[in-house]
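Produce the complete structure using the sequences and hints provided.
Chains Y, R, D, C, S, A, X and W, in that order, are what the protein sequence lines are.
Going by my numbering, the first residue of the first sequence is number 1, and it counts up by one from there.
Going by my numbering, the first residue of the second sequence is number 1, and it counts up by one from there.
Going by my numbering, the first residue of the third sequence is number 1, and it counts up by one from there.
Going by my numbering, the first residue of the fourth sequence is number 1, and it counts up by one from there.
Going by my numbering, the first residue of the fifth sequence is number 1, and it counts up by one from there.
Going by my numbering, the first residue of the sixth sequence is number 1, and it counts up by one from there.
Going by my numbering, the first residue of the seventh sequence is number 1, and it counts up by one from there.
Going by my numbering, the first residue of the eighth sequence is number 1, and it counts up by one from there.
Derived from the structure by calculation, the hints contain no laboratory data.
Heads up, the beta-carbon is just placed ideally off N, CA and C, and yes, glycines get one too.
Hints may be right or wrong, so weigh each one.
Facing chain X, from chain W, some residues (calculated, C-beta under 8 Å) [said to hold, decoys possible]:
#1 Ile67
#2 Ile199
#3 Ser226
#4 Gly227
Okay, derived cross-link-like pairs now, BS3-like style, lysine-lysine, Cα gap no bigger than 27 Å in a straight line [said to hold, decoys possible]:
#5 A:Lys12 x X:Lys17
#6 W:Lys89 x A:Lys86
#7 S:Lys17 x C:Lys17
#8 R:Lys105 x D:Lys86
#9 S:Lys59 x C:Lys14
#10 A:Lys17 x X:Lys12
#11 X:Lys12 x A:Lys14
#12 S:Lys59 x D:Lys89
8 protein chains.
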Amino acid sequence: MNIRKLEDLLKKVKSGKTTLDEAMAQLKSLPFEDLGYARVDHHRSLRKGFPEVIWGEGKSSGQILSIMKQLKGKGQNILITRLEEKKAKGIQKVFPKSKYYPRSKVLTYLTHPVKSEGKGTILVITAGTTDIPVAEEAEVTAQFMGNRVETLFDVGVAGIHRLLSERERLEAARVLVVVAGMEGALPSVVAGLVSKPVIAVPTSVGYGASFGGVAALLGMLNSCGSGVTVVNIDNGFGAGYAASQINALAAKP
Amino acid sequence: MNIRKLEDLLKKVKSGKTTLDEAMAQLKSLPFEDLGYARVDHHRSLRKGFPEVIWGEGKSSGQILSIMKQLKGKGQNILITRLEEKKAKGIQKVFPKSKYYPRSKVLTYLTHPVKSEGKGTILVITAGTTDIPVAEEAEVTAQFMGNRVETLFDVGVAGIHRLLSERERLEAARVLVVVAGMEGALPSVVAGLVSKPVIAVPTSVGYGASFGGVAALLGMLNSCGSGVTVVNIDNGFGAGYAASQINALAAKP
Amino acid sequence: MNIRKLEDLLKKVKSGKTTLDEAMAQLKSLPFEDLGYARVDHHRSLRKGFPEVIWGEGKSSGQILSIMKQLKGKGQNILITRLEEKKAKGIQKVFPKSKYYPRSKVLTYLTHPVKSEGKGTILVITAGTTDIPVAEEAEVTAQFMGNRVETLFDVGVAGIHRLLSERERLEAARVLVVVAGMEGALPSVVAGLVSKPVIAVPTSVGYGASFGGVAALLGMLNSCGSGVTVVNIDNGFGAGYAASQINALAAKP
Amino acid sequence: MNIRKLEDLLKKVKSGKTTLDEAMAQLKSLPFEDLGYARVDHHRSLRKGFPEVIWGEGKSSGQILSIMKQLKGKGQNILITRLEEKKAKGIQKVFPKSKYYPRSKVLTYLTHPVKSEGKGTILVITAGTTDIPVAEEAEVTAQFMGNRVETLFDVGVAGIHRLLSERERLEAARVLVVVAGMEGALPSVVAGLVSKPVIAVPTSVGYGASFGGVAALLGMLNSCGSGVTVVNIDNGFGAGYAASQINALAAKP
Amino acid sequence: MNIRKLEDLLKKVKSGKTTLDEAMAQLKSLPFEDLGYARVDHHRSLRKGFPEVIWGEGKSSGQILSIMKQLKGKGQNILITRLEEKKAKGIQKVFPKSKYYPRSKVLTYLTHPVKSEGKGTILVITAGTTDIPVAEEAEVTAQFMGNRVETLFDVGVAGIHRLLSERERLEAARVLVVVAGMEGALPSVVAGLVSKPVIAVPTSVGYGASFGGVAALLGMLNSCGSGVTVVNIDNGFGAGYAASQINALAAKP
Amino acid sequence: MNIRKLEDLLKKVKSGKTTLDEAMAQLKSLPFEDLGYARVDHHRSLRKGFPEVIWGEGKSSGQILSIMKQLKGKGQNILITRLEEKKAKGIQKVFPKSKYYPRSKVLTYLTHPVKSEGKGTILVITAGTTDIPVAEEAEVTAQFMGNRVETLFDVGVAGIHRLLSERERLEAARVLVVVAGMEGALPSVVAGLVSKPVIAVPTSVGYGASFGGVAALLGMLNSCGSGVTVVNIDNGFGAGYAASQINALAAKP
Amino acid sequence: MNIRKLEDLLKKVKSGKTTLDEAMAQLKSLPFEDLGYARVDHHRSLRKGFPEVIWGEGKSSGQILSIMKQLKGKGQNILITRLEEKKAKGIQKVFPKSKYYPRSKVLTYLTHPVKSEGKGTILVITAGTTDIPVAEEAEVTAQFMGNRVETLFDVGVAGIHRLLSERERLEAARVLVVVAGMEGALPSVVAGLVSKPVIAVPTSVGYGASFGGVAALLGMLNSCGSGVTVVNIDNGFGAGYAASQINALAAKP
Amino acid sequence: MNIRKLEDLLKKVKSGKTTLDEAMAQLKSLPFEDLGYARVDHHRSLRKGFPEVIWGEGKSSGQILSIMKQLKGKGQNILITRLEEKKAKGIQKVFPKSKYYPRSKVLTYLTHPVKSEGKGTILVITAGTTDIPVAEEAEVTAQFMGNRVETLFDVGVAGIHRLLSERERLEAARVLVVVAGMEGALPSVVAGLVSKPVIAVPTSVGYGASFGGVAALLGMLNSCGSGVTVVNIDNGFGAGYAASQINALAAKP
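Okay, here's the thing in structure tokens:
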């Protein structure tokens with residue numbers, strides 16, 4: 001039942017063409033899903049300007065281009081994750097202003113500038129240099145969602161002084177995204193140094209009994225540092241998204 | 001090097017008994033750990049009034065009582081998690097004003113009232129009734145840390161209307177803690193309905209291939225709902241703590 | 001928004017007290033969840049007579065009795081699964097007409113006779129005698145839901161003649177529930193002998209590398225017998241329920 | 001012992017050439033497997049017209065072509081699953097009327113039209129677009145077995161309104177095949193909305209702790225939705241086959 | 001169809017009361033399973049004197065006693081495995097001549113002496129003293145099946161000389177059962193020293209990352225010693241049974 | 001201490017140049033490993049004619065050719081397993097009489113005919129056609145070790161009549177190697193039909209929750225068929241070797 | 001062949017009763033295992049004073065007492081690990097001078113004072129207080145083997161200053177045993193601070209996805225700190241033993 | 001706060017421009033991390049000449065070359081592990097004196113000769129020939145760190161005499177690195193033969209249930225040989241590093 005039909009019904013009630021009982025019956029069985037849809041649209045408009053995100057894995061260039069054109073038509077900014085370089089190049093031919101980050105395999109296309117909302121800083125930290133691609137996915141995601149993002153790379157726990165010497169930056173951040181592979185110990189240490197929310201991202205960096213990131217994931221889930229929450233292995237996007245939600249919250253009265 | 005020694009050194013510099021070079025040498029090798037300690041103390045004082053938390057598992061009643069007396073002496077509020085009923089009863093004989101929550105096995109003892117800080121609401125949701133003990137651990141923790149907490153129990157995805165009929169409460173919350181066992185699907189659905197941070201807590205509720213909560217944990221880590229972060233299985237405390245950190249952030253300028 | 005409020009609104013539209021636009025606005029934001037609830041209620045009434053099921057694990061006798069009284073008040077039949085014998089005895093004191101099955105830990109209480117709906121037979125098969133408790137859970141569930149149920153126990157694949165000698169009963173069934181622990185091979189063999197739906201139930205019977213039913217579960221998921229579907233380890237209830245749904249389907253035009 | 005030999009034996013009994021005792025001895029050791037074969041042949045003839053299915057993985061084009069020719073000779077319809085595109089092209093040169101579905105890697109070849117048997121509808125649902133290849137395997141299988149099949153794609157639980165807005169189609173189906181990767185939550189929600197059999201198919205879509213579909217598989221096995229049964233990861237064929245068996249059952253008196 | 005009915009049929013064929021065609025029809029649909037049964041009986045008689053084995057776990061004393069009486073009535077020897085001491089004592093009251101082995105939880109009852117069949121020796125070896133219960137299960141099983149069994153305990157690989165000093169006994173055995181927990185390395189070493197069949201039995205002895213015998217099981221499956229075959233964790237019975245089958249083979253022409 | 005030194009010592013004892021005590025001391029610390037080596041050589045000579053086996057994986061063509069030349073020089077027959085086709089072709093240029101089995105990736109080179117030792121038959125059975133490569137590895141290994149080998153392919157449990165119709169061949173074998181992927185149920189059924197040793201070989205055939213053969217492996221380890229022993233996944237060689245050891249045993253008095 | 005027989009042989013060589021060739025033949029087949037035994041005895045005597053260790057788990061009090069008496073008779077010091085308190089009390093009645101450590105379940109009995117060998121210090125560190133029982137097992141083991149042992153408890157990474165403030169003690173140690181549960185991150189941090197061997201001991205402390213110590217174990221195996229080696233979960237004894245071996249090495253020229 | 005600022009502060013104290021209290025306050029909040037850095041530098045200088053190690057995996061040739069130039073400028077020796085041959089060749093063009101080990105994928109570049117420090121020997125042992133690449137990584141690492149290294153390859157436990165015949169070399173070593181795949185049993189046997197520290201390295205050699213080295217890893221963690229410590233799968237570098245630390249310790253007074 002769409003808006004027009006609803007209006008018709010009410011008119012008929014008013015004019016007496018439809019009895020109250022009949023109207024009640026029709027409204028009772030009103031397919032809420034349509035109203036649900038309406039609610040969602042309304043909801044969406046509240047969030048206006050929020051980027052659409054496309055998961056590039058398993059989609060053809062053609063499929064992605066088609067979605068991008070549709071979104072561009074609506075004037076939306078676009079973020080594509082897990083996009084292989086080869087596909088990205090094809091897309092950049094059609095959308096030459098799009099920006100591709102080969103390390104993190106992320107592509108962004110802006111129809112309008114990202115609105116910086118004057119919130120605090122999200123700090124993205126990595127234990128090693130090989131964790132940087134995942135960190136960059138978080139960084140680009142958070143920037144795309146309007147956050148000020150800083151990074152602090154290669155401060156793993158085996159050389160704890162590297163981390164400690166950056167304590168002021170740690171304390172200055174509002175939300176911290178901590179990316180680590182191998183034993184995934186860095187979030188525990190960071191959480192012990194700050195009182196802000198820490199989102200831990202395990203990476204598949206490592207070999208042997210790291211089991212593609214499971215060791216780091218378990219390390220983070222069992223963190224002795226209070227307040228650490230965890231996302232999936234290599235899920236930089238999810239961490240950037242969650243950090244943005246928290247930072248957005250911080251900005252509101 | 002403690003404070004007195006440092007003061008002595010500076011006095012000697014002032015009086016000329018120690019040359020600048022000698023003082024520099026001594027200060028360069030200054031055991032930072034002591035200063036580190038000092039920093040921590042200072043840091044702690046900033047957080048003053050923040051509760052101390054004791055993990056009750058594997059500690060004897062004697063050990064716990066001894067820690068409690070020490071903390072009470074410092075005028076601190078006390079939260080003990082994973083405390084078996086039997087031990088709790090012993091403790092309540094010594095601390096008759098302490099409050100014990102048998103479902104969640106949490107005990108609190110207040111030396112002063114918890115300062116409510118006027119922030120938003122943390123909403124703790126469960127999929128089933130058997131998830132309530134873990135949810136209560138989150139609830140009590142967050143209340144103990146000064147948050148307003150509401151609960152919404154038994155709204156699992158197999159009867160999705162139960163959840164949908166509470167959408168207004170979902171949207172009114174600032175942070176959501178979603179507790180579920182079995183397939184752990186509830187956080188995904190909740191995250192699709194709200195734009196606030198969702199902290200997912202897998203529980204060990206279930207049998208067979210639930211593997212003590214692993215099925216729920218994996219479900220939550222692989223959530224298709226953006227922005228979901230996860231804590232360890234049955235870790236209601238961790239979720240309550242993280243939610244408090246986020247809510248505290250929200251309250252600050 | 002409940003029914004009365006909706007009626008009021010329509011009356012006001014009719015009387016002109018509320019303009020069309022105002023009514024539209026109110027209806028657009030109509031909390032569908034309430035209507036959703038209504039739908040569910042309506043839906044429920046369609047299924048009238050369908051039993052309510054209580055998962056006994058993790059509920060106290062008091063909680064269970066309270067739910068039972070409520071359901072009895074509505075004139076519903078009651079099925080409780082995973083109910084420890086001790087609790088069952090307490091319940092039987094209050095509900096002396098309830099029937100308890102100690103092997104499968106199931107309790108049923110009938111406020112009215114189960115309506116046999118004249119459908120085909122559900123055949124519950126086990127590989128060994130130690131699988132019988134799980135099989136009985138399936139059997140009692142399916143009977144409680146109005147099905148004719150037969151059983152065939154201890155016909156595991158290591159003595160294949162035991163199974164083959166019962167081929168006529170296999171072929172006569174409309175739905176087959178096959179319960180097996182250890183290597184869980186029986187469903188594959190049964191599925192090769194009949195063309196009816198086979199629901200496989202792995203049990204935690206076995207030791208060592210059976211891993212509490214995982215070996216049987218994997219065996220069934222990898223069944224070379226086409227058309228085998230699987231439920232959770234020891235989930236006799238789920239199998240009985242699914243078999244009932246299929247059998248109910250069979251009975252309808 | 002084939003039919004002729006059995007006839008000979010009986011003739012000899014009749015004529016007295018073989019004593020009763022001798023005949024008894026021969027019949028007692030009668031190789032049942034031969035009769036078994038006969039039974040099976042008879043059984044097969046009952047199912048006449050049922051398609052033969054070839055698992056394409058690990059078979060060479062030559063092997064497959066040889067089996068196809070044999071089946072074509074018998075006038076049977078042919079379904080090949082898991083067939084790489086390269087092999088499919090080779091086969092289509094020999095069987096130009098065969099149809100290949102590259103997404104699902106299924107090939108069908110019809111020697112006679114599929115007999116539509118006037119049953120209800122099988123509805124194949126996916127959580128995301130990347131689950132479609134597996135869904136298509138189920139769809140093609142069920143169509144090939146004579147069912148009316150509808151599809152409903154990309155209605156995952158993170159946007160629950162997408163699913164709810166299709167409730168009427170959900171309720172109209174006789175059997176539902178629900179295909180989902182990641183956390184695999186969709187079958188639980190669907191099972192809560194309908195009272196028909198739901199067959200859940202986990203897919204290997206996802207990354208990190210999805211473990212190639214294990215997270216989805218566990219989610220489905222632990223479904224809080226009653227009546228959900230599960231097939232192997234990515235096993236669209238198995239789900240389509242089981243759904244057909246159930247639907248066939250529904251059609252019979 | 002049992003023997004008498006078959007005889008009747010043949011008589012009727014002979015007498016002409018039943019035509020050949022009628023008899024053919026009846027015999028074609030002859031439930032081979034009954035003949036199958038017959039075959040099994042015949043088969044069994046070939047193995048006469050072979051013990052019946054009862055898995056004691058999950059059976060009540062009453063159930064076990066009832067089976068034992070039936071078997072005793074047939075004059076069979078009886079072996080019960082995994083029988084808790086408490087049940088064993090109850091059984092010994094009824095069967096005072098039965099022998100119970102508390103370490104391995106095995107009970108035997110002989111209605112007639114075990115026939116020693118003059119074959120070679122089965123040697124049961126353990127790595128440690130805590131592996132002895134499993135080894136004893138193998139030992140008693142093999143003795144019960146008529147084999148000469150020797151044992152060699154506590155010769156684990158960490159003190160390799162203990163094993164090497166017994167090389168003559170190793171070489172004298174016809175079949176070797178090697179029982180080990182922890183890393184399960186002993187079968188590899190033994191297989192390198194002899195050219196006879198080696199059956200490896202992992203035990204659940206160990207702690208931590210032994211995972212209840214999984215470490216030993218994997219060690220044995222990956223044995224670099226050619227010709228090692230493996231049974232389930234703690235499955236002394238299976239090893240004793242398999243060793244007996246091999247030794248029985250050795251004895252035959 | 002080599003043979004010459006030992007001879008010298010004994011000469012000196014004889015001639016009195018070395019006292020008894022001195023000789024005793026030298027002999028007591030005699031490096032047994034050298035004698036051990038000698039024992040092994042002696043032992044080897046007992047097994048003379050036994051083939052040498054080379055694991056082809058991870059060795060270069062050059063390394064393999066060098067080992068082959070050495071073995072050929074000693075007049076030994078050679079078996080190479082896990083040899084990629086490309087390497088095999090290179091080897092066949094140098095050893096044109098060698099025989100390569102591309103399905104099982106085995107190469108044999110005979111310097112002298114394999115001595116058939118007149119023992120019983122080893123029967124190699126597979127559940128499906130895709131299991132044949134592993135079965136062939138077992139077959140070639142056993143033939144190479146002088147056994148008469150028969151094969152029975154594609155008799156999986158989903159069409160149990162295929163297996164039952166071959167019961168005579170099953171019973172005629174002395175040792176059975178049963179190769180199966182997916183749920184790995186075939187060995188259980190075979191073990192229920194025969195009283196001979198059954199060696200089960202899980203294969204990595206399957207997908208999804210077959211986990212590269214783990215499902216089949218667990219199925220076989222948990223076999224309800226007494227006397228089944230198991231080798232590693234895809235380890236056709238190991239099964240062929242173990243079967244040969246058992247069959248060799250059978251041949252001896 | 002024992003010593004006497006060897007002496008006889010040499011006498012016969014000397015006297016000419018046995019020819020050189022005959023003696024050579026007998027010596028070549030000399031059962032090295034006996035000499036091997038002799039070697040071991042000799043070897044043992046080199047290590048004289050080294051304690052014997054008994055694994056208490058799965059041994060009865062009677063068995064343990066019997067071994068202890070034997071060892072006492074040889075004048076050896078005795079260490080028993082994993083000894084339940086109840087058994088320990090029984091043993092202390094017979095050996096009143098034995099010392100039992102209830103936290104770590106270790107019992108020691110000294111027939112002579114432990115010889116302190118003047119080496120460096122072994123430092124045993126724990127992350128939390130619940131790791132202390134495992135740490136104590138390492139501590140008592142190392143002391144029993146003659147080492148000077150110090151401890152540093154509850155310095156986990158979530159409060160990194162606790163560890164840093166003890167850097168001088170860390171640097172003063174020769175070998176470090178680091179005991180941690182949960183995420184097991186402490187060894188990485190410690191290894192980054194010192195250049196001495198670090199032995200990491202995962203403990204089963206934790207819950208949920210700590211999987212009884214697996215999370216800590218994986219964390220330690222994947223340590224980014226160079227030079228960390230790992231022992232089994234809760235294996236304090238193994239760590240203490242290995243640390244002793246290293247420290248003993250340090251002490252020797 | 002850097003050195004100059006510290007000097008300024010002290011000057012001001014001396015001159016009275018800054019009061020003692022003010023200076024105390026500034027020094028108390030002294031950012032220890034800077035001093036920490038200084039400590040580390042100092043610490044580093046103590047270890048002067050110690051090689052820098054680069055993990056080659058996941059770094060581009062450009063990145064590696066840039067780090068190498070920096071290190072060369074400081075006069076340091078360089079070790080790169082996990083370096084693909086292709087990258088190595090590019091590096092050797094710029095650093096023609098660098099040495100690449102293609103088996104172990106290690107590259108070394110010496111700006112000055114490695115200082116041999118006259119310690120004992122590290123013995124690197126492998127079970128099979130396919131374990132040699134990992135062993136070589138350990139060997140090159142240890143040599144690069146100034147140790148005398150010997151190797152003993154292909155002495156796996158299935159031919160135990162190969163190991164025993166080298167007992168003298170085993171006993172002569174100060175530290176032993178034992179590398180093994182498959183069941184990983186070799187370290188247990190070696191640890192039983194020597195009293196020196198044994199570092200076990202599991203390799204990913206094997207197939208099927210070896211699970212990429214997990215079987216060997218578990219075997220080693222559960223070693224019955226006292227004093228065995230373990231590193232990650234294929235982590236030859238870690239073992240070489242740990243062995244060097246131990247051997248370095250041995251060399252000091």
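Hints versus structure:
no. : hint               : in the structure
1   : Ile67              : violated, 17 Å
2   : Ile199             : holds, 6 Å
3   : Ser226             : holds, 5 Å
4   : Gly227             : holds, 4 Å
5   : A:Lys12 x X:Lys17  : holds, 15 Å
6   : W:Lys89 x A:Lys86  : holds, 26 Å
7   : S:Lys17 x C:Lys17  : holds, 18 Å
8   : R:Lys105 x D:Lys86 : holds, 24 Å
9   : S:Lys59 x C:Lys14  : violated, 52 Å
10  : A:Lys17 x X:Lys12  : holds, 15 Å
11  : X:Lys12 x A:Lys14  : holds, 9 Å
12  : S:Lys59 x D:Lys89  : holds, 23 Å
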